[in-house]
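Residue numbers (the numbering used here), protein chains in the order written: chain H, 244 to 614; chain W, 507 to 820; chain Y, 15 to 318.
Read the hints as simulated data drawn from the structure, not as lab findings. These numbers were taken from a predicted model, which means no experiment stands behind them. Glycine residues also receive a C-beta, built at the ideal position from the N, C-alpha and C atoms. Hints may be right or wrong, so weigh each one.
[As the list claims (entries may be wrong)] What the simulated footprint calls covered on chain W by chain Y, stretch by stretch (three residues with Cβ under 8 Å from a Cβ of chain Y suffice, anywhere in the stretch; the number is not a length):
#1 523 to 535
#2 589 to 602
#3 633 to 646
#4 754 to 768
[To be verified] Cβ-to-Cβ under 10 Å is the rule here; a few derived chain W residues that face chain H:
#5 H715
#6 N737
#7 D811
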Amino acid sequence: MTTQATPDPLLQLRDLRLDLLGDDGGDRPILRGVDLTVQAGEAVGIVGESGSGKSMTLRCIARLTPPGARVSGDVLVGGRDVNRYRGGQLRRFRQTEVGYVFQDPRAAINPMHTVGDFLLEPARDRGEDLGAATAAAVETLTRMGITDPQRRMRQYPFELSGGLLQRVMIASVLLARPSLLLADEPTTALDVTTQAEVLALTDRLRRDSGIAMLFVTHDLDLAIAVCSRIVVLYAGQVLEVADSESLRRAPLHPYTRGLLASRPPLDQRLPRIPVIPGTPVSAADSGPGCPFAGRCPVALPVCASAFPDRTVHPGGQVACHRAGEIAAGSLDDALPVIPHQPSGPGAAEDPLQPGGSGIPVPAATDAGEQL
Amino acid sequence: MLRFTLKRLAGLLVTLFAASFVIYSSIYLAPGSPESIIFGSRTPTPETRAAVRHYLGLDQPFLTRYLRWLGEVLQGNLGTSMVSQQKVTSLLAHPLAVTCALVAYAAVLIILAGVGLGLLSALRPGAVDALINLGVSVATAVPAFVASGVTVSVFAVSLGWFPSYGLAEGFGGWLSSLTLPAVSLAIIASGLLARVTRAGAREQLASDHVQTAVARGLSRTRMIRSHVLRNTAGPVISVTGLQIAGLLSGAVVVEQAFGLGGVGQVLLNSVQQKDFAVVQAVCLVLVAAFVLINLAADLLVARLDPRLRRAVGS
Amino acid sequence: MIAPVVDPATSEAAASPPRQPLRSLRLGVSGWLALAVVVAAALMALLAPLLAPADPDHGDLLSAFAGPSGAHWLGADATGRDIASRLVFGARTSLLGPAAIVVLSLLVGIPLALAAAWHGGTIAWLITRALDIVFSIPGLLLAILTIALFGPGLWPAVVSLAVAYLPYVARLTMTAAEHERHLPYVDALSVQGQSVVRITGLHLVRNLAPVIAGQATITFAYALIDLASLSFLGLAVQAPTADWGVMLSDRDAVLQGHPGQVIAAGALVVATVLSLFVLGSRLSGDVPRPRRRLRPARISGGAR
Numbered sequence: 244m245t246t247q248a249t250p251d252p253l254l255q256l257r258d259l260r261l262d263l264l265g266d267d268g269g270d271r272p273i274l275r276g277v278d279l280t281v282q283a284g285e286a287v288g289i290v291g292e293s294g295s296g297k298s299m300t301l302r303c304i305a306r307l308t309p310p311g312a313r314v315s316g317d318v319l320v321g322g323r324d325v326n327r328y329r330g331g332q333l334r335r336f337r338q339t340e341v342g343y344v345f346q347d348p349r350a351a352i353n354p355m356h357t358v359g360d361f362l363l364e365p366a367r368d369r370g371e372d373l374g375a376a377t378a379a380a381v382e383t384l385t386r387m388g389i390t391d392p393q394r395r396m397r398q399y400p401f402e403l404s405g406g407l408l409q410r411v412m413i414a415s416v417l418l419a420r421p422s423l424l425l426a427d428e429p430t431t432a433l434d435v436t437t438q439a440e441v442l443a444l445t446d447r448l449r450r451d452s453g454i455a456m457l458f459v460t461h462d463l464d465l466a467i468a469v470c471s472r473i474v475v476l477y478a479g480q481v482l483e484v485a486d487s488e489s490l491r492r493a494p495l496h497p498y499t500r501g502l503l504a505s506r507p508p509l510d511q512r513l514p515r516i517p518v519i520p521g522t523p524v525s526a527a528d529s530g531p532g533c534p535f536a537g538r539c540p541v542a543l544p545v546c547a548s549a550f551p552d553r554t555v556h557p558g559g560q561v562a563c564h565r566a567g568e569i570a571a572g573s574l575d576d577a578l579p580v581i582p583h584q585p586s587g588p589g590a591a592e593d594p595l596q597p598g599g600s601g602i603p604v605p606a607a608t609d610a611g612e613q614l
Numbered sequence: 507m508l509r510f511t512l513k514r515l516a517g518l519l520v521t522l523f524a525a526s527f528v529i530y531s532s533i534y535l536a537p538g539s540p541e542s543i544i545f546g547s548r549t550p551t552p553e554t555r556a557a558v559r560h561y562l563g564l565d566q567p568f569l570t571r572y573l574r575w576l577g578e579v580l581q582g583n584l585g586t587s588m589v590s591q592q593k594v595t596s597l598l599a600h601p602l603a604v605t606c607a608l609v610a611y612a613a614v615l616i617i618l619a620g621v622g623l624g625l626l627s628a629l630r631p632g633a634v635d636a637l638i639n640l641g642v643s644v645a646t647a648v649p650a651f652v653a654s655g656v657t658v659s660v661f662a663v664s665l666g667w668f669p670s671y672g673l674a675e676g677f678g679g680w681l682s683s684l685t686l687p688a689v690s691l692a693i694i695a696s697g698l699l700a701r702v703t704r705a706g707a708r709e710q711l712a713s714d715h716v717q718t719a720v721a722r723g724l725s726r727t728r729m730i731r732s733h734v735l736r737n738t739a740g741p742v743i744s745v746t747g748l749q750i751a752g753l754l755s756g757a758v759v760v761e762q763a764f765g766l767g768g769v770g771q772v773l774l775n776s777v778q779q780k781d782f783a784v785v786q787a788v789c790l791v792l793v794a795a796f797v798l799i800n801l802a803a804d805l806l807v808a809r810l811d812p813r814l815r816r817a818v819g820s
Numbered sequence: 015m016i017a018p019v020v021d022p023a024t025s026e027a028a029a030s031p032p033r034q035p036l037r038s039l040r041l042g043v044s045g046w047l048a049l050a051v052v053v054a055a056a057l058m059a060l061l062a063p064l065l066a067p068a069d070p071d072h073g074d075l076l077s078a079f080a081g082p083s084g085a086h087w088l089g090a091d092a093t094g095r096d097i098a099s100r101l102v103f104g105a106r107t108s109l110l111g112p113a114a115i116v117v118l119s120l121l122v123g124i125p126l127a128l129a130a131a132w133h134g135g136t137i138a139w140l141i142t143r144a145l146d147i148v149f150s151i152p153g154l155l156l157a158i159l160t161i162a163l164f165g166p167g168l169w170p171a172v173v174s175l176a177v178a179y180l181p182y183v184a185r186l187t188m189t190a191a192e193h194e195r196h197l198p199y200v201d202a203l204s205v206q207g208q209s210v211v212r213i214t215g216l217h218l219v220r221n222l223a224p225v226i227a228g229q230a231t232i233t234f235a236y237a238l239i240d241l242a243s244l245s246f247l248g249l250a251v252q253a254p255t256a257d258w259g260v261m262l263s264d265r266d267a268v269l270q271g272h273p274g275q276v277i278a279a280g281a282l283v284v285a286t287v288l289s290l291f292v293l294g295s296r297l298s299g300d301v302p303r304p305r306r307r308l309r310p311a312r313i314s315g316g317a318r
């Protein structure tokens, strides 16, 4: 594991805290000190349940927090503090350094304009050469696996399927050649087969252009397949950070273990799918201790009163009082069993393989998406 | 789009047909017979009465008369005044011009003030929004007959900036004579439009696609113009259409207050003189204009919405 | 028939959940203020003889255009009549007329709307078509046409405006009834063997009460404006009678630099209308004046 130590990461979050305006008019904590780094060109996944603050982390980076939000801590992109940008600086930062892909393309793309207008809008806004911009847009659409891009450019969002539209959305972001792609559950709204295809294409284009990605998802498997490093977020706090392979093989936090154990295995039948007991708490409802303590099968009294320090290990970092025991395997009887998942070269039925390498790029056809 | 337009046009024709029937037949609900107008207080001989009834076509069956009237109307002949024996079309030419000018002037004010204030209100939450909101709420409660009294008192009598009565000659004359009436007429509708614009713009500002525009670092003007305004246009145009259509008949109040000699005043005079031919004609013209302006607004809305345009089109 | 396992008292209470929204209504500061203005205006109309300092019709040419004084709080008009007293008495015609318009259009509009919502099909089509035609004639124009036939006066104006407001009242009730009709509890009552008339009459109307109350209040405001416009034009309430619209039509006083009564009557109209709007939107949780054309397809499609 080398990335942590590299001096100048592309993105660095230091003790990021976010409070939103609650219904009662008071502050509602969402993020409670998130630390995170992304190196240039790297893909990092943020995994967590809904309400864990994963989307808000992305929004803090692009300065898209809702009105009334209070942000503290550092958000450094390319070494500069994003929170210090004003007016034109902030606009230029958004134009050139970060690209944001939203979850639902149908809502995120203005239904009143054609796909072409959407793609060319930034160029038009800045008075750039529209001919060159059109050529670049057509090329990016093609590379995103969209057939007949010229025709698509003339169509309206409602005339495109969700999968096609999300490709347009991603193309629009890649077109701007940012250094960091912020992807907020970009495939959740799509059906499963389209999901894999869109992600694979995105990943290939991203790599080709050397664009880093911060990928937010609730799907741990997907994150492991796409990203080289995973951040596990729970109630606004980072519980574990590790490279994908280590996390998949030997998760150290009981929460991560629970997440991995609750996936249905692909090659065997279980009498029942284990779930993590209890319901997730929000950052606002958790006390000074570990937010997972209430649901943790191996919690100690200290877990409820003090948030554990992060311990660094060869695969990453973990914040758990019992991480040592878990690593040594002495708590295996109390912790859920992670079902065996086929991996390696033999796993042909799983198009998304661990480690973020060698994702097959399916030939993009949009049969059935023709009008 | 074409089929949609044709369908709406057919609906419009049916409505107009029904309205024209209501307007024409309503005359026969009135106590007394129509030809009495011509005689006034004199009592005619039965022969004269019969001759006049024949001249007016009153000896024909009702349906025949209605169809004949409708046929004439469709050929652009709105009939003849029973009092002055003038053609209604020539009687209405100048008043129509006055009313159209007045309504057009008011429409410009309504759109500028309504959309402008509504947008400003949506873009500046807090004190500005609260202030505009208060003003807009009050505006929606200021009818034209109240506004005309106050504007005359302040801007015509006290300050002497504008004439208080009548229509001066020339373009400048019309402009200055129509200013106070147009302002008085525009207040309520501006308030309503500002409210609709504010609601629509706020909804758009909170929408995901505006978030996308912000995340892409677009300029604020483009964001407002091609995302907020563009997407709010539908409801704004519908409401504007309805308000402006309503102004045509609502104008009667300010026409009377300012003595402009518009269509509304012709209507009022004809009502007083019981000149049913003119009343019928004016009512028909105003109803047709009301329905047509609404249709135009609906078509424009459909034209602006790509989903409607493509779905109903081709 | 399956007897519901509840005692009569709770059953009765459950059958009228509708009362709840009206009782637990939150008006807010502006809402209470608006209510106070409306109540004050209503009291003014009811208690006019007690409140008015002078006879509203008694002219005294010596005090023509007198300024505000102990004798005339708000001054006197061109014929020396006491403006304050005329305003107080003017509240009677100015509020009674719109009240009659609202009551008439509710009495006709609600049954029409319920009939359309309940039966659907041809009946709904006929009703919506008829309302469409009424909608295509602007209210003021319909009133003027009626007055052309029957002569000027308060009652022709009231009846014709009541007809003109039918589409607005009926449309809103129809939409709400459509929605309400498909809620499970209506079916439940139907299964219990309650008659259609009873369900429509009692439960639906009660549940729609907040929406109807809000719409009625807003309609009241528009009716006040339209009726006062007609009085202003000399078509409804006639000149010597004290009425806000009539008082506002005194152009000559304004031109001679005595805008007192016009401003006072105008302020009363604006305050009342504004309060009615605020109250109406509070009552029904922001029900805008329905504006779209009535579409029979949507109505008949939903019922059945």
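Outcome of the hint check:
no. : hint       : verdict
1   : 523 to 535 : holds (count 7)
2   : 589 to 602 : violated (count 0)
3   : 633 to 646 : holds (count 3)
4   : 754 to 768 : holds (count 7)
5   : H715       : 4 Å, holds
6   : N737       : 6 Å, holds
7   : D811       : 7 Å, holds
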